[in-house]
Amino acid sequence: MIDMTIKIPGLELKNPIMPASGCFGFGKEYAQLYDLSQLGAIMIKATTVETRLGNPTPRVAETAAGMLNAIGLQNPGLEKVTGEELPWLEQFDVPIIANVAGTETEDYVEVARVISKAKNVHALEINISCPNVKKGGITFGTDPAVARELTRAVKEVSSVPVYVKLSPNVTNIVSIAKAVEEGGADGITMINTLLGMRLDPKTGRPVIANITGGLSGPAIKPVALRMVYEVSKQTNLPIIGMGGVTDVDDVIDFLSAGASAVAVGTANFVNPFVCPEIIGKLPERLHELGYNSVQELIGRSHRL
Amino acid sequence: MIRQQRMTVIAQQSIAKHIFELTVEGSLVEDMAEPGQFVHIRVADSFEPLLRRPISIASIDKENNRFTMIYRSEGRGTQILADKRAGDEIDVLGPLGHGFPVEEAEKKAYLIGGGIGVPPLYELAKQLNSRGIETVHILGFESKEAIFYEDKFKALGETHIATVDGSHGTEGFVTHILNELPHDFDTYFSCGPTAMLEAVQWAYPQKRGFLSYEQRMGCGIGACFACVCRTTKSEMDYIKVCSDGPVFPAGVVIT
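Just so you know, the protein sequences line up as chains A and H, in that order.
Here the numbering used here is used: the first sequence runs in plain steps of one and ends on residue 317.
Here the numbering used here is used: the second sequence runs in plain steps of one and ends on residue 305.
Hints are computed from structural coordinates only; laboratory data are not their basis.
For each residue, glycine too, the CB sits at the ideal point set by N, CA and C.
Just to be clear, a hint being listed does not mean it is correct.
Ranges between beta-carbon positions, derived for each pair [unchecked claim]:
{"#": "1", "chain 1": "A", "residue 1": "184", "chain 2": "H", "residue 2": "222", "range": "37 to 47 Å"}
{"#": "2", "chain 1": "A", "residue 1": "45", "chain 2": "H", "residue 2": "180", "range": "21 to 31 Å"}
{"#": "3", "chain 1": "H", "residue 1": "139", "chain 2": "A", "residue 2": "246", "range": "39 to 49 Å"}
{"#": "4", "chain 1": "H", "residue 1": "113", "chain 2": "A", "residue 2": "302", "range": "30 to 40 Å"}
Please model the complete structure; the sequences and the hints are all you need to start from.
Now the structure itself:
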């Protein structure tokens, strides 16, 4: 019997697989397709204090082995998320990680304070890495001191452990990771998308209305893996790793690089059943590799 | 119910300039009901191209568990799709979205389509006719070479064709034909470019109408928020074309 469970702050996961924020809405669409209780956890779409309608369309564009998106943190707002979306998710036996976003520190604090009290929210994921909004998002994630102070402010009001979602769009991701560790973060989720763009060769115009968008998908996996490796080596925080995960061996890679759990993002759009499929395959793959638990695999690349 | 299934290609042929007709078979067809729904197709098992392609359903053959799509081969994905031959398998997710409400038509309906918006109107015409509704088809194409299914629509009812270059039928757009036709119908259904949908709505402000919209999609099931549009519906802040639509009553979508 392979032990698939993982314990990290706030989260007792039955397996290490969860859909990434922004790629799974609030679960309703995927619940038509399979039982969400199979999942290790669910990272729900970023929530802000007020309703956000997001960016103009087109908001997505396909790229080589990846996609760009500039949705712009569209969400129904804190009241609806805590009043409707989260209670609806209570029917499933699955911990929720609430992604918290905002424009000012006060916004993050307000969302964190309220949403962390929801019954099924077991952890927060502070979004200091969204590249698609003019204010907030990534502006909190590129300066270590700013990231540390925001983490501290959120940590003060949160009723559950706080994970910080890091941006790859920085010179030195380890310095940001260390800063949020100093700020009291209980864990790190990484990576968010890489800022990119695509042009229409006929017109020379950007394909995405926002001009730039966040790159995700298999194309970014090597970058994500390298960053998880570096951060896990130089901080003591547990990491939920993500970036281009599409199959069971990608999960093995992220665990080996130092992640304690793994999120699946863009692959949900390609194959909506990808999460349960990976969960189904993981025990056999671990067995083939000679391991008896997910835990044993974590960070093995550092030990070689 | 939405299914993901590897379906078998039964036939594929080019039926007009860059236009292909593709018929596939599989039990997923059991869940197809409304005309105007679509499927989301993964054209290759590789990462290239990565995303699925939304393609509308042109006709449903429940008896044989088959359905037919008509699409324009213009990008990387649809070019790969155009190479599929009988016996090949394709990964289909569907049926998706909400289609045309056939029960809204009473006696006579206008079906107004433009270009690659024409295909879903064929299954719609079939279903309306089987309910005893008279259908009039007003179809617009770029040129003579781009026209498809003219005879098939004619077999179901009065059919008018417009071409932008005047090489067949009326020169210009479908609206040029609409201007000449009587208003003796109760319901219209339309699918095509956004500008055409706008023009059709303007032409019949007093009529009951249903329009199928196109928008760049990600997931196709409502999770990614790529295909949102603003709406006049006061109880909603926005609509998602893929899962709330693609068919909406006239006047609901702000483009």
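Outcome of the hint check:
Between residue 184/A and residue 222/H the C-beta distance comes to about 57 Å, which lies outside the given range of 37 to 47 Å. For residue 45/A paired with residue 180/H, a C-beta distance near 29 Å keeps the hint of 21 to 31 Å intact. Our hint of 39 to 49 Å for residue 139/H and residue 246/A holds, since their Cβ atoms are close to 44 Å apart. Separated by about 49 Å at the C-beta atoms, residue 113/H and residue 302/A break the suggested range of 30 to 40 Å.
Hint compliance for this structure: hints 1 and 4 are not met, and every other hint is.
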